[in-house]
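J.: Spelled out from the first residue to the last, the chains are:
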Amino acid sequence: MDKNSNAYTFIFAIIMVTVIAGVLAFTATSLKPLQDKNVKAEKMQNILGTIGVTGVSRDDAEVEYNKYIKQVLALKADGTVDTKVNAFTLNLKKEIKKSTTEQRFPLYIAEKDGKTFYVVPLYGAGLWDAIWGYIALDGDKNTIKGANFGHKGETPGLGAEITTDWFQAQFAGKTLLNVASAGFTTDNFVSVKTVKGGAKTGDAHGVDAISGGTITSDGVSNMIQERLARYLPYFKNN
Amino acid sequence: MAEEKEPLFSKQNRALLTDPLDDNNPISVQVLGICSALAITVQLKPALVMSIAVLFVVIASNVIVSLIRNLIPGRIRIIVQLLIVASLVILVDQILKAYAYDVSKELSVFVGLIITNCIVMGRLEAFALANGPWKSFLDGVGNGAGYALILVLVAFFRELLGSGKLFGFEILGHKAKTLADSTGLYAMGYENNGFMLLSPMALITVGLIIWVQRSKNRKLIEN
Chain A
1 MDKNSNAYTF IFAIIMVTVI AGVLAFTATS LKPLQDKNVK AEKMQNILGT IGVTGVSRDD
61 AEVEYNKYIK QVLALKADGT VDTKVNAFTL NLKKEIKKST TEQRFPLYIA EKDGKTFYVV
121 PLYGAGLWDA IWGYIALDGD KNTIKGANFG HKGETPGLGA EITTDWFQAQ FAGKTLLNVA
181 SAGFTTDNFV SVKTVKGGAK TGDAHGVDAI SGGTITSDGV SNMIQERLAR YLPYFKNN
Chain B
1 MAEEKEPLFS KQNRALLTDP LDDNNPISVQ VLGICSALAI TVQLKPALVM SIAVLFVVIA
61 SNVIVSLIRN LIPGRIRIIV QLLIVASLVI LVDQILKAYA YDVSKELSVF VGLIITNCIV
121 MGRLEAFALA NGPWKSFLDG VGNGAGYALI LVLVAFFREL LGSGKLFGFE ILGHKAKTLA
181 DSTGLYAMGY ENNGFMLLSP MALITVGLII WVQRSKNRKL IEN
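So the sequences go chain by chain: A and B.
Anchor point for the first sequence: position 88 equals 88 in the working numbering, and the numbering is continuous, going up by one each time.
Anchor point for the second sequence: position 39 equals 39 in the working numbering, and the numbering is continuous, going up by one each time.
The hints are simulated quantities; they were obtained by calculation from the structure and are not laboratory data.
All C-beta atoms, glycine included, are put in the ideal place defined by N, C-alpha and C.
Take the hints with a grain of salt, since some may be wrong.
Derived lysine to aspartate or glutamate pairs resembling EDC-like cross-links, with alpha carbons at most 16 Å apart [claimed, not checked]:
| id | chain 1 | residue 1 | chain 2 | residue 2 |
| --- | --- | --- | --- | --- |
| 1 | B | K105 | A | D36 |
| 2 | A | K32 | B | D22 |
| 3 | A | K70 | A | E111 |
| 4 | A | K40 | B | D22 |
| 5 | A | K200 | A | E226 |
Facing chain A, a subset of chain B residues (Cβ under 8 Å, in silico) [stated by the list, open to error]:
| id | residue |
| --- | --- |
| 6 | L21 |
| 7 | Q43 |
| 8 | P46 |
| 9 | L71 |
| 10 | R75 |
| 11 | I78 |
| 12 | L83 |
| 13 | I90 |
| 14 | L91 |
| 15 | I95 |
| 16 | K97 |
| 17 | A98 |
| 18 | Y101 |
| 19 | A130 |
| 20 | N131 |
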């Protein structure tokens with residue numbers, strides 16, 4: 001067959017593409033379970049990190065997770081628990097797009113050294129793409145125990161600094177409510193904000209924003225405010 | 001083919017392996033593949049993994065293209081090469097995600113960028129299309145190793161001077177918040193050079209390597 005004919009070129013291209021597609025599809029399918037396991041273990045590591053269980057290797061993540069995390073609830077907008085849903089596998093990105101009544105948001109209840117912690121997953125928008133994270137609250141559901149953040153494509157050195165220890169460590173000890181005793185009402189809930197130019201010493205609701213990363217920092221503030229506000233009904237009743 | 005039987009490691013074949021290490025190094029002489037050399041040489045570990053990934057891709061694509069070189073229609077040969085390189089890169093990416101998750105997160109987009117690494121396409125066009133599988137294999141090993149050599153060298157200096165570590169181990173002592181708590185060089189007031197962690201310093205390091213190489217290697221001196 002003439003190697004320069006159109007027919008030969010087409011046949012060659014078709015065979016080539018089919019063979020390669022087959023090889024890639026086979027690899028992707030056979031490696032999927034291992035990849036999913038890694039993603040799941042990383043999620044567990046992140047959740048454990050917010051309650052101060054750090055340095056857990058990915059292999060031990062599941063064991064440690066089961067040791068500390070006592071309950072995972074899927075909450076409805078009114079604060080009641082939906083028992084039909086597997087809360088761990090809820091995809092926040094997809095849930096956020098649903099209407100408020102259909103949304104289910106996960107809440108992880110952890111126990112460490114006899115104390116209870118509530119871990120809330122976060123998901124929001126940064127400057128370029130999605131940002132996410134976990135924030136852990138003390139038993140009073142008001143004081144922050146710890147937080148960690150991740151991002152898809154924030155600017156390295158600027159917005160991407162939200163994943164650094166110094167930024168995340170600032171959140172510990174901050175409080176969410178204006179007056180702790182006034183309860184979980186929308187008016188009393190002030191959340192934690194990143195403050196451009198640096199938070200004042202003693203500011204219970206503010207952390208330093210990142211210089212040059214203002215939009216990402218604001219994204220973190222909005223994400224925390226928006227996500228945590230949805231847990232108020234549950235916090236009020238429990 | 002009526003080719004004369006040639007020993008596996010004839011002088012000519014050995015040159016295929018050793019030339020790209022020095023006289024014809026893809027980075028320092030041909031100045032190809034610079035983008036990844038800038039981006040992932042902050043630490044030795046990702047640099048080494050990236051080198052292994054590129055080594056694998058360049059060898060495998062060289063051999064595959066060489067095997068089917070007489071079948072590839074001339075008019076779509078670039079597309080065919082790209083397809084082979086791209087699929088190999090996806091394979092590497094999938095394997096890293098499954099077996100070396102941390103490294104894969106660190107390399108992130110740069111694994112995908114192996115596709116655009118000019119060294120790979122350059123070797124396919126310049127060598128594999130015209131030579132047999134064994135020679136192409138050697139050429140792939142040589143060029144992959146030449147790339148790896150420079151990458152590891154740059155990463156060595158950047159990690160050592162930038163963060164005082166090698167492969168994450170503290171070589172120059174431990175830097176604590178106060179001078180009194182620090183050990184090793186840091187106790188004498190030594191500071192890491194943060195500049196080394198930024199991309200421009202990779203370019204300067206590559207430049208210095210090229211300078212040293214040219215002043216040592218007579219063959220490279222242009223008149």
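J.: Please go over all the hints and tell whether each is borne out by the structure.
T.: Here's how the hints hold up against the structure:
1. The suggested pairing of K105 (chain B) with D36 (chain A) holds, with an alpha-carbon distance near 14 Å, which does not exceed 16 Å.
2. Our distance criterion of 16 Å between C-alpha atoms is broken by K32 (chain A) and D22 (chain B), whose separation comes to about 41 Å.
3. A C-alpha spacing of about 7 Å is found between K70 (chain A) and E111 (chain A), which places the hinted pair at or below 16 Å, so the restraint holds.
4. Straight-line distance between C-alpha atoms of K40 (chain A) and D22 (chain B) comes to about 45 Å, which puts the hinted pair past the 16 Å bound.
5. Simply put, K200 (chain A) and E226 (chain A) have alpha-carbon atoms about 23 Å apart, too far for the 16 Å limit, and the pair is violated.
6. Look at L21 (chain B): its Cβ only gets to about 32 Å from chain A, farther than 8 Å, so that hint breaks.
7. Of the supplied interface hints, the one on Q43 (chain B) is violated, with its beta-carbon coming no nearer than about 14 Å to a beta-carbon of chain A, more than 8 Å.
8. With a least beta-carbon distance of about 14 Å to chain A, the hint placing P46 (chain B) at the interface is violated under the 8 Å criterion.
9. Contact between L71 (chain B) and chain A, as hinted, is supported at the beta carbon level, the nearest pair being about 7 Å apart and thus within 8 Å.
10. Interface hint status for R75 (chain B): upheld, as the beta-carbon distance to the closest one in chain A is roughly 6 Å, under 8 Å.
11. At a threshold of 8 Å, the smallest CB-CB gap from I78 (chain B) to chain A is about 13 Å, leaving the interface hint violated.
12. At its closest, the beta carbon of L83 (chain B) sits 6 Å from a beta carbon of chain A; the interface hint therefore holds under the 8 Å criterion.
13. Against a cut-off of 8 Å between C-beta atoms, the interface hint on I90 (chain B) holds, since the closest Cβ of chain A lies about 6 Å away.
14. A cut of 8 Å between beta carbons decides the hint on L91 (chain B): the least distance to chain A is about 6 Å, and the hint holds.
15. Interface restraint check: I95 (chain B) against chain A, minimum CB-CB distance 7 Å, threshold 8 Å, status holds.
16. This hint holds: K97 (chain B) has a C-beta 5 Å from the nearest C-beta of chain A, less than the 8 Å allowed.
17. Evaluation of the A98 (chain B) hint against chain A yields a held restraint, the C-beta minimum of about 4 Å falling below 8 Å.
18. Annotation: Y101 (chain B) was flagged as interfacial toward chain A, and the flag holds, the nearest CB pair being 4 Å apart, inside 8 Å.
19. Given hint, A130 (chain B) at the interface with chain A, is violated; its Cβ is 16 Å from that chain's nearest Cβ, farther than 8 Å.
20. Residue-level restraint check for N131 (chain B) is violated (minimum Cβ-Cβ distance to chain A is 19 Å; threshold 8 Å).
The earlier numbered hints that this structure contradicts are 2, 4, 5, 6, 7, 8, 11, 19 and 20.
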